[in-house]
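Visitor: The chain contents come next:
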Amino acid sequence: MNKTEYLKRLSDELGHMPYGDVKDIIQSIEEHFDEGLGEGRTEEEIAESLGDPKELAAEFKDGAKFTQIMKKRKRLKDYTGPDGRGRIFVVVFNLFVGIAMWIVLLCAIVAAFCFLAADCGLAGLIIASLIMGKITEFLVPFIFLALTLICIALFLIVLLILGIKYYAKGLKAYIKWNKHVWNYGLGEE
Amino acid sequence: MKGDLPMNSQIKKGILDLCVLALLEKGDSYGYDLAGSLARKVEVADGTVYPILRKLASEGVVSTYLQESQNGPPRKYYHLTEAGRRKLDSERDEWIKFCGEVNAILERSETGGETGGKADE
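So the protein sequences, as listed, match chains Y and A. Take the first sequence: its position 44, counted from the start at 1, is 44 in the numbering used here, and no numbers get skipped. Remember, the numbering used here sits 1000 above the position in the second sequence when you count from 1.
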């Protein structure tokens, strides 16, 4: 097996590892080849002494798994109780920014609801008047007005459905983030 | 390398991290050099050192830096960190103690008594 074949097999075997990690690994093994070639060894010799690319890939993958587990354990081990600064941050942030922001957004949703209700009411009133023949003048403009109001209503309904969905999602994520900072401080996520 | 008994390779795997740390204790080094040093002393493939170095780096017991070499591209050097030194010290003692205990058992069954730590070859 020559250098190209070896690196290709290794990168195939590494498979689902993140691209950056694979690149890093391939680079280090490529470096190994280059050093060996510099010493006058052949590509085949170096590939042979490196060992089976499948086994090597398995060792890299084991190492990655191990690292993940260790990171988790370290976080649990390092956890010495709540971080005071994190708690202060949560309180201050919510006092001045967080809660206010969510209330403003909630107000916007409520306002949109009120607007939708008014819009529907007005549209209904105009349509009813048209049907009952109470409007005799400006018939065409009134029909257009009614159509416009219906369009606005549909638009608002879509906007509200999306708005409420993302509001709920965002609020959930925000509460989770707050909990994390409250418990672990402002470190890595 | 292939052809080793499974038990042999399991024991090796557990202790190779420590061996790499011990090699780095003598001074900073790069992958190819470490691979050679390790493979010369223990019967493992040259490639074995790379997953170990990667794992040790992500644990923070070794750090890396690039340094120019006279011929060719810059080499990635590995350096034993303070945390690595602590890990090496504590695990080395543990290993030597363990070897002593194992040797005591093995030797007693043969010669009946003497204990001694033959950690080195």
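Just so you know, the hints here were simulated from the structure itself, not pulled from any lab data. Heads up, a few of these hints could be off.
[Stated by the list, open to error] In silico BS3-like links for lysine-lysine, alpha-carbon gap of 30 Å or less: (1) Y:K176 - A:K1012; (2) A:K1097 - Y:K23; (3) Y:K54 - Y:K77; (4) A:K1076 - A:K1087; (5) Y:K72 - A:K1041; (6) Y:K54 - Y:K23; (7) A:K1026 - A:K1087; (8) Y:K74 - Y:K8; (9) Y:K8 - A:K1087; (10) Y:K72 - Y:K3; (11) A:K1087 - Y:K74; (12) Y:K54 - Y:K72; (13) Y:K61 - Y:K77; (14) Y:K77 - A:K1012; (15) A:K1041 - A:K1026; (16) A:K1012 - Y:K179; (17) Y:K54 - A:K1097; (18) Y:K54 - A:K1041; (19) Y:K8 - A:K1026; (20) A:K1012 - Y:K169; (21) A:K1076 - A:K1097; (22) Y:K3 - A:K1097; (23) A:K1012 - Y:K172; (24) Y:K176 - Y:K77; (25) Y:K65 - Y:K54; (26) Y:K134 - A:K1087; (27) Y:K3 - A:K1087; (28) Y:K77 - A:K1041; (29) Y:K54 - A:K1012; (30) Y:K74 - Y:K3; (31) A:K1076 - Y:K54; (32) Y:K23 - A:K1013; (33) A:K1026 - A:K1012.
Visitor: Quick one, are A:K1026 and A:K1087 close enough, alpha carbons at most 30 Å?
Guide: Within the cut-off at roughly 15 Å; holds.
Visitor: Is Y:K8 close enough to A:K1026, meaning Cα to Cα at most 30 Å?
Guide: Not satisfied, since the Cα-Cα distance of roughly 34 Å exceeds 30 Å.
Visitor: Given the hinted pair Y:K8 and A:K1087, is their Cα-Cα distance within 30 Å?
Guide: Given pair Y:K8, A:K1087 is violated - Cα atoms ~35 Å apart, limit 30 Å.
Visitor: Given the hint that Y:K23 pairs with A:K1013, does the C-alpha gap stay at or below 30 Å?
Guide: holds, 25 Å
Visitor: Are the Cα atoms of Y:K54 and A:K1012 separated by 30 Å or less?
Guide: holds, 19 Å
Visitor: Does the structure keep Y:K74 and Y:K8 at a Cα separation of 30 Å or less?
Guide: violated, 35 Å
Visitor: If you draw a straight line from the CA of A:K1012 to the CA of Y:K179, is it 30 Å or shorter?
Guide: violated, 44 Å
Visitor: For the pair supplied as a hint, A:K1097 and Y:K23, is the alpha-carbon distance within the 30 Å limit?
Guide: It is violated: about 40 Å lies between the C-alpha atoms, which goes past 30 Å.
Visitor: Can the restraint linking A:K1076 and Y:K54 be considered satisfied, given a maximum Cα separation of 30 Å?
Guide: holds, 24 Å
Visitor: Given the hint that A:K1012 pairs with Y:K169, test it: the Cα-Cα distance must not exceed 30 Å.
Guide: violated, 50 Å
Visitor: Would the hint linking Y:K54 and A:K1097 be met if the CA-CA limit is 30 Å?
Guide: Violated, because 35 Å separates the two Cα atoms, which is more than 30 Å.
Visitor: Are the Cα atoms of Y:K61 and Y:K77 separated by 30 Å or less?
Guide: holds, 24 Å
When each numbered hint is compared with the structure, violations occur for hints 1, 2, 3, 5, 8, 9, 10, 16, 17, 19, 20, 21, 22, 23, 26, 27, 28 and 30.
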